[in-house]
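Visitor: Work the whole structure out from these sequences, hints included.
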Amino acid sequence: MIVDLPNASTSAISQRLIEIRGDVGAMALSRVLTLVLVVPEDDAEDALAVANSASHQHPARIICVIIANSRGKARLDAQIRVGGDAGASEVVVLRLYGELTRHARSVATPLMLPDSPVVAWWPTEAPKDPAADPVGAMAQRRITDCAAAEGTSATLKRLARTYAPGDTDLAWSRITLWRGLLATTLDGPPFEQVTAATVVGGEDSPSADLLAGWLQHRLRCPVSLVRSRSGSGIVSVRLERASGPIDLVRPLAEDTATLDQAGQPRRAIALAPRSDAECLADELRRLDPDEVYEDALTRGLPKVTRRRMTMTDAVEDGLVPSPSEARRAAEQLVDSSKKALRSAMVEAAPEDASSSTEAVKTAVLDRLDTTDPA
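The working numbering puts the first residue of the sequence shown at 56, with every later residue one more than the last.
Since the hints were derived computationally from the structure, they do not count as laboratory data. One thing to keep in mind: the hints can contain errors.
Subject to a maximum C-alpha distance of 20 Å in a straight line, what follows is the list of computed DMTMM-like cross-link-like pairs (lysine to aspartate or glutamate) [to be verified]:
id, residue 1, residue 2
1, Lys212, Asp345
2, Lys212, Glu96
3, Lys212, Asp259
4, Lys212, Asp184
5, Lys128, Glu154
6, Lys393, Glu309
7, Lys212, Glu180
8, Lys128, Glu180
9, Lys212, Glu346
10, Lys183, Glu205
11, Lys212, Asp188
12, Lys212, Glu349
13, Lys393, Asp310
14, Lys212, Glu154
15, Lys183, Glu349
16, Lys358, Glu295
17, Lys358, Glu346
18, Lys358, Glu258
What follows is a list of derived Cβ distance ranges for each label pair [stated by the list, open to error]:
id, residue 1, residue 2, range
19, Ala192, Ile73, 23 to 33 Å
20, Gly299, Asp350, 22 to 32 Å
21, Ser391, Met56, 49 to 59 Å
22, Arg76, Glu295, 55 to 65 Å
23, Asp390, His111, 29 to 39 Å
24, Glu74, Ser161, 52 to 62 Å
We put the beta carbon where it would ideally sit given N, CA and C, even for glycine.
Guide: What follows is the structure in structure tokens.
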């Protein structure tokens, strides 16, 4: 259900929410937080679709503040969405015009759920200092997205400079699977120290920067960053050890990665890029400061060396693994697995003819007759 409230006030919106709640039931009782989105008009619907999807794991009241037109007379146009149009949440869309565009906090505050956490999310360009922003200042968690900003490197430096407990970024959530795989690999033998690491990632991928910063801070070793073409995301990670390197490679635009390490067979691993909804749901799961993100952003990332060479040059020099070889290896592994499965199905023994329904019933009755009473 969608209810439009043109030229409204916050009191009128609150009253309409109460009326709708009386009509459709106590829809707000299960909401666990208030999610405030601040977004331009052109990106609002995409951001709301992501928030609605994430709300299935974390039911919330979603307040979408759209900065429409700062010129002209101050006006507030509102829209309330509940039911199938709001995922597992209730959505309040606020379009601000004129002088109101500079007072997003004052407009959003009366509509927040009482006695519940507040999370602020900027799906596109974030403020220069999220914690000092009027909306960010009232939130326990502040979520930005470097990948949507212009100039990812400059944005990361600014976020590191203005970091406050509670800040996080979707670019950090996108590397959760990478971090888990690398940590699991190092948990097994041989338990050797990593002497150097190299991350290959797209020129427009802040996730590659954050992964390199995390490795530098956790491993306390030299970490290099090699750039691939834009749009390629994270391509590979190489960890150097005395027994040989560990190579985790996800070929360009693939969902399967290969893992190579000395003394073990090559493995194919599912490593599909994570959606924005998955990443947002992860960030809504915790409301305490993310100290690991803080260390990667503010302590590890400044110590990362950025190599002035292309990925192709680095592959030719043997500094990083080849994505094309990894793709061929992944295809061979998947093909071998399918052949092994088909062979196992062919060689499986046929079902015993005696296992008919009547035979099973007879066997059960015989068993019951011969069983001693308790």
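Visitor: With respect to the beta-carbon atoms only, verify the hint that Ser391 and Met56 lie 49 to 59 Å apart.
Guide: For Met56 against Ser391, whose Cβ atoms are near 53 Å apart, the range 49 to 59 Å holds.
Visitor: Are Asp390 and His111 spaced within 29 to 39 Å by their CB atoms?
Guide: Given a distance of about 36 Å, which is inside 29 to 39 Å, the answer is holds.
Visitor: Hey, Lys128 versus Glu180, does the alpha-carbon distance stay inside 20 Å?
Guide: Distance of about 25 Å is beyond 20 Å: violated.
Visitor: Please verify whether Lys212 and Asp184 have alpha carbons no more than 20 Å apart.
Guide: Holds - the C-alpha atoms of Asp184 and Lys212 are around 12 Å apart, at most 20 Å.
Visitor: Given the hinted pair Lys212 and Glu180, is their alpha-carbon gap at most 20 Å?
Guide: holds, 15 Å
Visitor: Below or equal to 20 Å on CA atoms is what counts here, so check Lys212 against Asp259.
Guide: holds, 14 Å
Visitor: Please check whether Arg76 and Glu295 have a Cβ separation lying inside 55 to 65 Å.
Guide: Given about 60 Å between the Cβ atoms, the range holds.
Visitor: Assess, step by step, whether the Cα of Lys393 is no farther than 20 Å from the Cα of Glu309, and give holds or violated.
Guide: It holds: about 19 Å lies between the C-alpha atoms, which stays within 20 Å.
Visitor: Can you confirm whether the C-alpha distance between Lys183 and Glu349 stays at or below 20 Å?
Guide: holds, 17 Å
Visitor: Hinted pair, alpha-carbon criterion (20 Å max): Lys358, Glu346. Please report holds or violated.
Guide: Roughly 18 Å between the alpha carbons, so the hint for Lys358 and Glu346 holds.
Visitor: So if I understand the rule, the pair passes when the alpha-carbon distance is 20 Å or less; does Lys212 with Glu96 pass?
Guide: violated, 27 Å
Visitor: Compare the distance between the alpha carbons of Lys128 and Glu154 with 20 Å, and conclude whether the hinted pair is satisfied.
Guide: Within the cut-off at roughly 7 Å; holds.
In terms of the numbered hints stated before, the structure departs from hints 2, 8, 14 and 24, listed from lowest to highest.
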